[in-house]
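Participant: Quick mapping for you: the protein sequence lines, in order, are chains A and B. Here the first sequence is numbered in the working numbering, starting from 306 and rising by one per residue. Here the second sequence is numbered in the working numbering, starting from 376 and rising by one per residue.
I should point out that these hints are in silico values taken from the structure, not numbers from a laboratory. Mixed in with the good hints there might be a few duds.
Heads up, incomplete: computed chain A residues facing chain B, CB under 10 Å, no partners named [to be verified]:
no.	residue
1	His350
2	Cys354
3	Asp364
4	Gly368
5	Ala378
6	Val395
7	Tyr398
8	Ile402
9	Phe404
10	Val423
11	Ala427
12	Ile429
Label pairs and their calculated CB-CB ranges [said to hold, decoys possible]:
no.	chain 1	residue 1	chain 2	residue 2	range
13	B	Ala388	A	Arg310	42 to 48 Å
14	A	Ala392	B	Arg438	27 to 33 Å
15	A	Leu403	B	Trp448	39 to 45 Å
16	B	Leu489	A	Gly426	56 to 62 Å
17	B	Arg503	A	Ser386	32 to 38 Å
18	A	Asn359	B	Leu434	38 to 44 Å
19	A	Glu379	B	Leu434	23 to 29 Å
20	B	Leu411	A	Arg343	33 to 39 Å
21	B	Glu539	A	Ser411	30 to 36 Å
22	B	Gly391	A	Asn359	20 to 26 Å
23	B	His399	A	Arg436	35 to 41 Å
24	A	Gly309	B	Arg503	36 to 42 Å
Beta carbons: idealized from backbone N, C-alpha and C, even for Gly.
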Amino acid sequence: MSAGRLVTLQMLALLLLSLSWRAFAIDITVLPNEELQRRYQSLTHEFRCMQCQNNSIADSPVGLASDLRREVAELLVAGKSDDEIRAYMVQRYGNVILFTPPLAASTAWVWMFPVIAVFAGAIIGVVIVRRRSKMVDTDDSIVEPEEVTR
Amino acid sequence: MNRFVLPFVVFAALAGVLYVGVKHSPDKSTMVSALLGKPAPAFELPVLGDASRKFSTSLLAGRPWVMNVWGTWCAECRVEHQALLDIARQNRVPIVGLNWRDEDAAALEWLARLGNPYTVVAVDGDGRTAINFGVYGAPETFFIDANGLVQYRHVGAMSPEVWEREFASRLPQVGMP
Numbered sequence: 306m307s308a309g310r311l312v313t314l315q316m317l318a319l320l321l322l323s324l325s326w327r328a329f330a331i332d333i334t335v336l337p338n339e340e341l342q343r344r345y346q347s348l349t350h351e352f353r354c355m356q357c358q359n360n361s362i363a364d365s366p367v368g369l370a371s372d373l374r375r376e377v378a379e380l381l382v383a384g385k386s387d388d389e390i391r392a393y394m395v396q397r398y399g400n401v402i403l404f405t406p407p408l409a410a411s412t413a414w415v416w417m418f419p420v421i422a423v424f425a426g427a428i429i430g431v432v433i434v435r436r437r438s439k440m441v442d443t444d445d446s447i448v449e450p451e452e453v454t455r
Numbered sequence: 376m377n378r379f380v381l382p383f384v385v386f387a388a389l390a391g392v393l394y395v396g397v398k399h400s401p402d403k404s405t406m407v408s409a410l411l412g413k414p415a416p417a418f419e420l421p422v423l424g425d426a427s428r429k430f431s432t433s434l435l436a437g438r439p440w441v442m443n444v445w446g447t448w449c450a451e452c453r454v455e456h457q458a459l460l461d462i463a464r465q466n467r468v469p470i471v472g473l474n475w476r477d478e479d480a481a482a483l484e485w486l487a488r489l490g491n492p493y494t495v496v497a498v499d500g501d502g503r504t505a506i507n508f509g510v511y512g513a514p515e516t517f518f519i520d521a522n523g524l525v526q527y528r529h530v531g532a533m534s535p536e537v538w539e540r541e542f543a544s545r546l547p548q549v550g551m552p
């Protein structure tokens, strides 16, 4: 097997491994209809499990997360909107329960920083490319023949 | 010389951003309650050891009280237990225990063996009241003032120092001339 194919296979294996987290789904809640089920799935992935903070309540096995999933399911069945359910959680736990912080004066820099970083990167890139392309025009150094063939 | 200035400025800016991020990361022990200054959620729950009786927050209307969230499954609750017993002995404020996601028999055995610091223990078996209070781990201790507003929430084991600094200081002073 060529080295290239081996690398391809390894990459494929890694990709498959990275997908296998779905196998750890621990939630078996079933809601009355598909629409509610879809909203349930999406909402439970929006809320942080406060006990293990880099998990969503959908992915966390701890008791509090299952209690919060039950709240979400009950509020959905009671006819609450997604925004009402988000407000319900924020009222109790604060904004920190949301993985996506709301856009407010105190969180504006969180939203602006990636944009600023991308622009800064683009400007730096343009500057470097311009400088180097000027260097080619003015490069009058002598190239030795053996260096060219090497 | 000039070519080192820009990387250094970028480095300093990044270091600054990361420093602020680390300093303000949601530290479990300092996360403030979303309920501060707001009315404590009212609840009515069965009393531990006598399910025919109900504890209602309306019984404490008009006076300050303390709520301690605990469970026999919670290791830190064992750590703070002696501090709670000492505080209860001062008899300055009602301490309501919220027995969170626990077994009644285990909770009763725990109190019989270690002593009972609580004025009353309310059983929150399904954790709904804890969610209304924004509880995310035990132990947590809340101070509710005479107007029914949540004034402080301590996350983690209670200690005499925390009690004096954050709880006793909020009580109406007694014995003053």
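Participant: Taking the hints in turn, state whether each one holds.
Facilitator: Each hint, compared with the structure:
1. His350: violated, 18 Å
2. Cys354: holds, 9 Å
3. Asp364: violated, 16 Å
4. Gly368: Holds: closest Cβ of chain B sits about 5 Å from Gly368 of chain A, inside 10 Å.
5. Ala378: violated, 13 Å
6. Val395: holds, 7 Å
7. Tyr398: holds, 5 Å
8. Ile402: holds, 9 Å
9. Phe404: Constraint on Phe404 of chain A not satisfied, violated at 12 Å.
10. Val423: Violated. Min distance 14 Å.
11. Ala427: Given a least distance of 14 Å, the restraint on Ala427 of chain A is violated.
12. Ile429: At 8 Å from the nearest chain B Cβ, Ile429 of chain A passes the 10 Å test, so the hint holds.
13. B:Ala388 to A:Arg310: 42 to 48 Å: Holds - the Cβ-Cβ distance for Ala388 of chain B and Arg310 of chain A, about 44 Å, lies within 42 to 48 Å.
14. A:Ala392 to B:Arg438: 27 to 33 Å: The hinted range 27 to 33 Å holds for Ala392 of chain A and Arg438 of chain B, with Cβ atoms some 31 Å apart.
15. A:Leu403 to B:Trp448: 39 to 45 Å: Given range 39 to 45 Å: violated, Cβ gap about 28 Å.
16. B:Leu489 to A:Gly426: 56 to 62 Å: holds, 59 Å
17. B:Arg503 to A:Ser386: 32 to 38 Å: With a Cβ separation near 21 Å, Arg503 of chain B and Ser386 of chain A fall outside 32 to 38 Å, so the hint is violated.
18. A:Asn359 to B:Leu434: 38 to 44 Å: Roughly 41 Å apart at Cβ, these two residues keep to the hinted range, so it holds.
19. A:Glu379 to B:Leu434: 23 to 29 Å: Taking Cβ atoms as reference, Glu379 of chain A and Leu434 of chain B lie about 28 Å apart, which means the hint holds.
20. B:Leu411 to A:Arg343: 33 to 39 Å: The hint (33 to 39 Å, Cβ to Cβ) holds, given that Leu411 of chain B and Arg343 of chain A are roughly 35 Å apart.
21. B:Glu539 to A:Ser411: 30 to 36 Å: holds, 32 Å
22. B:Gly391 to A:Asn359: 20 to 26 Å: With a Cβ separation near 24 Å, Gly391 of chain B and Asn359 of chain A satisfy 20 to 26 Å, so the hint holds.
23. B:His399 to A:Arg436: 35 to 41 Å: holds, 38 Å
24. A:Gly309 to B:Arg503: 36 to 42 Å: Check failed, 58 Å falls outside 36 to 42 Å.
The structure fails hints 1, 3, 5, 9, 10, 11, 15, 17 and 24 (numbered hints given earlier, in ascending order).
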